[in-house]
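Enquirer: Given chain A, work out where chain B should sit, using these hints.
First to last, the sequence lines map onto chains A and B.
Mapping to the working numbering: the first sequence position 121 is 121, numbers consecutive.
Mapping to the working numbering: the second sequence position 35 is 35, numbers consecutive.
Any given hint could be a false lead.
[To be verified] Taking lysine to aspartate or glutamate pairs in the EDC-like style, the calculated list, with each CA pair at most 16 Å apart, reads:
| id | chain 1 | residue 1 | chain 2 | residue 2 |
| --- | --- | --- | --- | --- |
| 1 | B | Lys-50 | A | Glu-236 |
| 2 | A | Lys-243 | B | Glu-48 |
| 3 | A | Lys-16 | A | Asp-240 |
| 4 | B | Lys-50 | A | Asp-240 |
| 5 | A | Lys-16 | A | Glu-236 |
| 6 | A | Lys-238 | B | Glu-48 |
| 7 | A | Lys-91 | A | Glu-236 |
| 8 | B | Lys-42 | A | Glu-236 |
| 9 | B | Lys-42 | A | Glu-248 |
| 10 | A | Lys-194 | A | Glu-182 |
| 11 | A | Lys-120 | A | Asp-130 |
| 12 | B | Lys-50 | A | Glu-248 |
| 13 | A | Lys-89 | A | Glu-156 |
| 14 | A | Lys-178 | A | Asp-130 |
| 15 | A | Lys-91 | A | Glu-156 |
[What the hints assert, rightly or not] So the derived list for chain A, only partly shown, Cβ under 8 Å to chain B, looks like this:
| id | residue |
| --- | --- |
| 16 | Ser-57 |
| 17 | Val-63 |
| 18 | Asn-230 |
Since the hints were made in silico from the structure, they are not lab data.
C-beta: ideal position from N, C-alpha, C; glycine also.
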Amino acid sequence: MKIKYPQWFYRLSSPKWFYTISGKLLPWFTIAAVMLLAVGTIWGLVFAPQDYQQGNSFRIIYVHVPSAILAQSCYMMMAAAGAIALIWKIKVAHMVARSCAPIGASMAIIALATGAIWGKPTWGAWWVWDARLTSMLILLFLYFGVMALYSAFESETAGDKAGAVLALVGVVNIPIIKYSVEWWNTLHQPATFKLTEKPAMPPEMWLPLLVMVLGFYLFFAVVVMMRIRNEVLQRERKSDWVKVVVMES
Amino acid sequence: MGQFNDLSEFLEMGGHGLYVWLSYGMVLLLLIFNITSPWLTKRRIVAEQKRRIRRGDSNET
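In isolation and in its complexed conformation, chain A is listed as follows (with noise of 0.2 Å):
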């Protein structure tokens, strides 16, 4: 049987479409993340006040869940994008799937190192066997590996499909992660954002965070989106367009 889909279906899935949109986005995108990250970092250094039990060490915060929220969302992303190209055999998902592995994989390797250094003076260990430390261990381990098969194979498709497969089993760790401070015991405090409840810090202290997300969340947004461009200007270079756009630059 064959499906009809809407015409922008087809649209989206075009290299040439994306590498035209994107290129329009990307100074808007640098510019808002640029101006988020900086607003968010001198605000969350200087003005936050600290913490009352942990004084200032509590301001690594502002980069900690960030990074460990981008390395799940990503994860997220390159779960749902290899699922897509493995099911409508669409070639900008595969370039979408591939991309996203190497910054998620940086994202997780922050978020577990600020967590070490914070960890240090909190709980005085670097690193403890914690349900939620070891999920997102794990989590990192996940990107190397479907980094691991995406360049493993001789032939482009071969490797599309192998790292696709891997990135959907690993989903299974998201809800885990998400989970761990609730079902086991552990030395994690709980999140500190919740779509149904308010935050237990005051505005003075999430707000910056809140900034801080989204500059984290826009700078994924810019560094996909070069690598993506990059994945097509590679893979279609036998096209004319490509050829026109490699002679201008």
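Expert: Below, chain B without anything else, positioned relative to chain A:
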């Protein structure tokens, strides 16, 4: 300014300076890496393909 009286107090972070600056420094490094890496890749791709197009090599693998 803000929560601190002077620059040295800001840098010390109430004794937690090492932890705070180590975290932020690492984040800065990784964010810079995430920008420069695709930027360098693009330069490499464009240079390679320009060479290829100039050679008139259309059936490369």
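Enquirer: Under the constraints set out in the numbered hints, which ones does this structure not fulfil?
Expert: none
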